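Colleague: Next come the chains, spelled out residue by residue.
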Amino acid sequence: MTHFIPRLYPTTKAWLVLGIILCSIFIPGYWFQYSIFLVALVLAMLSGVAKRYTSLFLKSIFIISLFIFIIQTFLVYHDHIIGSWYIFKVSSTGLQASLTMTSKIVAIGAILIWFFQVTQVKDIAAAMQNAGWNKKLIFVMLSTMQLIPQMTSMMNTIADAQRSRGVETEGNLITRMKSFVPMLGPVVLTSIEQNEERVLTLESRAFSNRQRPTLMVPVNKTKADYLLSWIIIIIMLGIFYWGVFK
Amino acid sequence: MNPLIELNDVLYRYPLTRKSALRHIQFKVTSGMVMGIIGVNGSGKTTLCNVIRSFIPNFYQGDLQGTVTLKGKPLNQYSETELSQLVGYIFQNPFTQISGVKDTVAEEIGYGLENLGVSSKKIQKRVAKMIDLLNLSDIKDKNPFDLSGGQKQMVAIAAILAINPEIFIFDEPTSQLDPAGTTKIFKIIQQLKSQGKTVILVEHKLDLMMQYIDQLLVLDEQGQQIAWGKPEEILASFTENQTIALPTATRVYQRMAAQHLIPIATNKVPVTQDEIVQTIQNFQETR
Amino acid sequence: MTMVELKNVSFSYDGQKQIVHDINLAFTAGTATAIIGQNGAGKTTTVKMMNHLLVPTQGQILVNGEDIHDRTTAQVAHHVGYAFQNPDDQIFNNSIQKEIEFGPKRDNLPQDQLQKRVQVAAKMTGLSEHLDEHPYNFPYSLRKFITIASILAMNPETYIFDEPTAGQDHLSRQRLSKIITQLVAQQKCVIVITHDMNFVAENFNRVIVLSEHQVLADDTPQAIFSQPKLMTRANIEPPEALSIARRVHMATRPLTVTTLVDALKSK
Chain V
138 MTHFIPRLYP TTKAWLVLGI ILCSIFIPGY WFQYSIFLVA LVLAMLSGVA KRYTSLFLKS
198 IFIISLFIFI IQTFLVYHDH IIGSWYIFKV SSTGLQASLT MTSKIVAIGA ILIWFFQVTQ
258 VKDIAAAMQN AGWNKKLIFV MLSTMQLIPQ MTSMMNTIAD AQRSRGVETE GNLITRMKSF
318 VPMLGPVVLT SIEQNEERVL TLESRAFSNR QRPTLMVPVN KTKADYLLSW IIIIIMLGIF
378 YWGVFK
Chain E
85 MNPLIELNDV LYRYPLTRKS ALRHIQFKVT SGMVMGIIGV NGSGKTTLCN VIRSFIPNFY
145 QGDLQGTVTL KGKPLNQYSE TELSQLVGYI FQNPFTQISG VKDTVAEEIG YGLENLGVSS
205 KKIQKRVAKM IDLLNLSDIK DKNPFDLSGG QKQMVAIAAI LAINPEIFIF DEPTSQLDPA
265 GTTKIFKIIQ QLKSQGKTVI LVEHKLDLMM QYIDQLLVLD EQGQQIAWGK PEEILASFTE
325 NQTIALPTAT RVYQRMAAQH LIPIATNKVP VTQDEIVQTI QNFQETR
Chain U
11 MTMVELKNVS FSYDGQKQIV HDINLAFTAG TATAIIGQNG AGKTTTVKMM NHLLVPTQGQ
71 ILVNGEDIHD RTTAQVAHHV GYAFQNPDDQ IFNNSIQKEI EFGPKRDNLP QDQLQKRVQV
131 AAKMTGLSEH LDEHPYNFPY SLRKFITIAS ILAMNPETYI FDEPTAGQDH LSRQRLSKII
191 TQLVAQQKCV IVITHDMNFV AENFNRVIVL SEHQVLADDT PQAIFSQPKL MTRANIEPPE
251 ALSIARRVHM ATRPLTVTTL VDALKSK
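Protein chains in written order, with this note's numbering: chain V, 138 to 383; chain E, 85 to 371; chain U, 11 to 277.
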């Protein structure tokens, strides 16, 4: 199972994500939405990424939701006060509003975090290529993904270059910030400078060929993907119907 | 038969400059030949490679005069795709020779073939062969960005070899490599030659280069072609000076001649280690 | 006088695989030393520790007699200048002038002294007429001279050049020779990593061979190049002149064209 889910075709998993996002938006209340956190957790456990899923969720969605919850409940003025403490007043409408709002963030955030933990960007790119998306668009997406680790390593080398020319980059936060800001210019500059040579590299690899490209490691839909996609679509339609209209 | 590559009175000026980067370049290369280009830095060696691959004028503007033909057909009648299959170009700087979209070395090597629409089975077979040929199996699953300069250079070479073009341009391929890596590259050039490929090689390691080339083009500081022909013949007309570097064999020979140990030859000089060893042995016997 | 000293220095990124193992070396003022060995032998790691860009996991590094363990790289940089292997890792200003003056500017020198430093460094590296140009207008191999100039302008006591000969033509190699000679004459300490054995034979009296993360030999070029076994083990080739001399069974061991021809003549 730990290998089964990550190996599923990206769109199979995307159906689930899409279904959950739509249901979370349209189904009233907050119980369904909050339960998605648990659903995604179970999926993450089945996919063998429970630890990373939980840590990422706590670091991002949980903090954002908590923040919104506090602001909405205690600071935004509402009627129907059900309790107060100094200047903080809790109202039932405020509580309702924050619960509904944060539950949607939790649901959408949880399922997306799970999705990106079990789906590689290059598989998404492969699926896009299979579906006949524009080659340049896919290229931009892939190179952007590579750009982030690349920029980080470039920052480190430029920091090294500055340190060896007498700039203090070690020490407290202020010293580090001071050396960080002037570094941004060179980082951008260097990556632009290197682009020209990279264009020629791509040309040498037949990038401008108009024929449809192939994939060295093909990513294809299996029977399981077709079957699962339909099961997911039907279940999600069912939930949507029961949740919204009943 | 048409020569494979033919340049006729080529002159080129970069945009916004007055001085020409290349002038009066004129030579014919037949199929299966290994051609060397030498000249000091800034003499236009890379520029010339860019002209032969038509990056000039397709990517660099400027004023290009004269004609360049591949297989008797002018360069501008080729599409970019045809050129990428006909001429493989290995660049000088290893750090910008990574596509930036592949996260394993194996897929990086197969990228060109993907763009050409080759079937995945064929790509995998070809890539496996390249990995084997260049001994890259230790790093085949690594991210290309995490490699050293020398390793990146090897991967770039593998990526071009995978496309299997007819003509190879190597622009200082060994400048970032250690002796072991350098030897490996020259062995590849030797193999390409035995497969009947045509190679254009820019290199500063003259002693090594001379063992592999059939023809030599010499550029001066102004980008002007000052000699073209068999290295042992054209280097006979040069003495050690500021503008043209000479291989050790030729330098030893000329110093010996200058010191009257041997007669001065005007039409042919030793350029490789083997040749100078022969000369010295002859000299030792006459003593 | 000893400028840089490494005492039982080891380095490892993960605490397991040793990149450099138990190195002991000392470098004195007024000398030039070549460090040779194949890629991955630990050459760059060794010199980066001298500049405090890397901190040894074990052992001690002394610069001008003082332990640099609790110094910052910025402090050590005033004494040990390091020109990077890949110039693009080092250059981050958009004109050669700015790149060269970046280091000395941090010392709050008066303007005339600062300009003099830049001019001297530019002259030594042949960049005097290109100060206003963009570094990337230069070919890769010449960008190396920009990095060297920016170190020269800082006027440290020790200079480390990491593979300055890579991709250089004979004129650039001559220029590098001249820079090294000038620095040695000024009683500076010069350390150069290179793969060019002809360059080593012509410019250095001391050669350190690194192999498999350790110092395999530390001697004169004469002594090192006349040990074929050592050369094979470290995967290095002798200078061309010596190879020729060996093949014609000469009694002497000339390392350069000049000494080779002299030996042939005197026979």
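Hints were generated in silico from the structure; no laboratory data involved.
No experiment lies behind these values; they were computed from the predicted model shown.
Possibly wrong hints are sitting among the right ones.
Said to hold, decoys possible - Here are the simulated DSS-like cross-link-like pairs (lysine-lysine), alpha carbons at most 30 angstroms apart as the crow flies:
1) U:LYS188 to E:LYS289
2) V:LYS315 to U:LYS275
3) E:LYS206 to V:LYS273
4) U:LYS133 to E:LYS289
5) E:LYS206 to V:LYS358
6) E:LYS213 to E:LYS314
7) U:LYS275 to E:LYS352
8) V:LYS315 to U:LYS188
9) E:LYS226 to E:LYS112
10) E:LYS226 to E:LYS205
11) E:LYS213 to V:LYS259
12) U:LYS239 to E:LYS271
13) V:LYS358 to E:LYS205
14) U:LYS239 to E:LYS103
Colleague: All the hints need checking, so say for each whether the structure fits it.
Modeller: Now for the hints, and whether the structure bears them out:
In summary, the hint linking LYS188 (chain U) to LYS289 (chain E) is supported, as the alpha carbons are separated by about 21 angstroms, within the 30 angstroms threshold. Simply put, LYS315 (chain V) and LYS275 (chain U) have alpha-carbon atoms about 65 angstroms apart, too far for the 30 angstroms limit, and the pair is violated. Between the alpha carbons of LYS206 (chain E) and LYS273 (chain V) the distance comes to roughly 24 angstroms, so the proposed pair stays at or under 30 angstroms and holds. Annotation: proposed proximity of LYS133 (chain U) to LYS289 (chain E) holds, straight-line Cα distance about 27 angstroms (limit 30 angstroms).
Of the pairs offered as hints, the one joining LYS206 (chain E) and LYS358 (chain V) holds, with about 21 angstroms between alpha carbons and a cut-off of 30 angstroms not exceeded. Annotation: proposed proximity of LYS213 (chain E) to LYS314 (chain E) is violated, straight-line Cα distance about 34 angstroms (limit 30 angstroms). A threshold of 30 angstroms between alpha carbons decides the hint, and for LYS275 (chain U) with LYS352 (chain E) the separation of about 22 angstroms falls inside it, so the pair holds. At roughly 38 angstroms between alpha-carbon atoms, LYS315 (chain V) and LYS188 (chain U) are farther apart than 30 angstroms, so this suggested pair is violated.
Restraint check for LYS226 (chain E) and LYS112 (chain E): the C-alpha separation of about 41 angstroms exceeds 30 angstroms, so the hint is violated. Annotation: proposed proximity of LYS226 (chain E) to LYS205 (chain E) holds, straight-line Cα distance about 21 angstroms (limit 30 angstroms). Only pairs whose Cα atoms come within 30 angstroms are accepted, and LYS213 (chain E) paired with LYS259 (chain V) is accepted, the gap being roughly 24 angstroms. For a cut-off of 30 angstroms, the pair hint linking LYS239 (chain U) to LYS271 (chain E) stands: about 23 angstroms separates their Cα positions.
Taking the CA atoms of LYS358 (chain V) and LYS205 (chain E), the gap is near 18 angstroms; set against the 30 angstroms cutoff, the hint holds. Using a Cα cut-off of 30 angstroms, the hinted pair LYS239 (chain U) and LYS103 (chain E) is violated, with the two alpha carbons roughly 52 angstroms apart.
Going through the hint list in order, the structure does not satisfy hints 2, 6, 8, 9, 14.
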